[in-house]
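S.K.: Sequence:
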Amino acid sequence: MRMKFEMSMMGELTFFLGLQIKQSKEGIFISQSKYTQELLKRFGLDNVKPRGTPISPSVNLVKDENGKDVDNKLFRGFSDSDYAGCLVDRKSTSGTCQFLGDVLVSWHSKKQTYVALSTAEAEYVAAGSCCAQVL
Numbered sequence: 001m002r003m004k005f006e007m008s009m010m011g012e013l014t015f016f017l018g019l020q021i022k023q024s025k026e027g028i029f030i031s032q033s034k035y036t037q038e039l040l041k042r043f044g045l046d047n048v049k050p051r052g053t054p055i056s057p058s059v060n061l062v063k064d065e066n067g068k069d070v071d072n073k074l075f076r077g078f079s080d081s082d083y084a085g086c087l088v089d090r091k092s093t094s095g096t097c098q099f100l101g102d103v104l105v106s107w108h109s110k111k112q113t114y115v116a117l118s119t120a121e122a123e124y125v126a127a128g129s130c131c132a133q134v135l
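Position 7, counted from 1, in the sequence shown is what the UniProt record's numbering calls 7; the numbers after and before it change by one each time, with no gaps.
One or more hints might be untrue.
Taking lysine to aspartate or glutamate and the EDC-like style, the derived pairs with C-alpha atoms no more than 16 Å apart in a straight line are [to be verified]:
1. K110 x D82
2. K110 x D80
3. K111 x D80
4. K25 x D46
5. K111 x D89
6. K22 x E12
7. K110 x D89
8. K34 x D46
9. K111 x E123
10. K91 x E123
11. K73 x D102
12. K91 x E121
13. K111 x D82
14. K110 x E123
15. K91 x D80
16. K111 x E121
Don't read these hints as lab results, they were simulated from the structure.
Generate the whole structure from the sequences, applying the supplied hints.
M.R.: This is the structure:
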C-alpha cells in the first residue's frame, strides 16, 4: 500500500468520525459517550439522575407449556418521530425499537411516505409502525 499511497503513522486511533475508539488486549471497543454527553448538555439534561429499567435483568423467559399469561411488562416498544424533519419535502421520520426484557430485539427508522399535518399525526404514524414491528 505504501507504494501506491502516501501514508504516515499518526499514533493509535482514538477518535474517528464521532466515534471513540479504545484498543486493548481484549479487543477494540467503539462508543459514542462523548457525543452522548454533548447531547445531554445541549438539551440541559447533563445534571439529571439516571433511571433504571423497571424490568429485572435476571428474569429469564421460558416457553409456557400450559399457555399461561406472561408478564406483559417484559415486552416494551418505543416510537418517536420528528415532525416535518426533512427540509426539502417536510416529511417526518419515524423510529421504533422493541425490547424483550432489557435486550433490543428489533428497531427501524424510516422516512414517512406522506406529509403529516400535525405532530400528533406524525406520532400516530410512528406508533402504528411500532405496533406493526411487534406483530
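S.K.: Please go over all the hints and tell whether each is borne out by the structure.
M.R.: Now the hints, each set against the structure:
no., hint, in the structure
1, K110 x D82, "11 Å, holds"
2, K110 x D80, "11 Å, holds"
3, K111 x D80, "12 Å, holds"
4, K25 x D46, "32 Å, violated"
5, K111 x D89, "11 Å, holds"
6, K22 x E12, "9 Å, holds"
7, K110 x D89, "14 Å, holds"
8, K34 x D46, "12 Å, holds"
9, K111 x E123, "13 Å, holds"
10, K91 x E123, "12 Å, holds"
11, K73 x D102, "11 Å, holds"
12, K91 x E121, "12 Å, holds"
13, K111 x D82, "10 Å, holds"
14, K110 x E123, "13 Å, holds"
15, K91 x D80, "14 Å, holds"
16, K111 x E121, "14 Å, holds"
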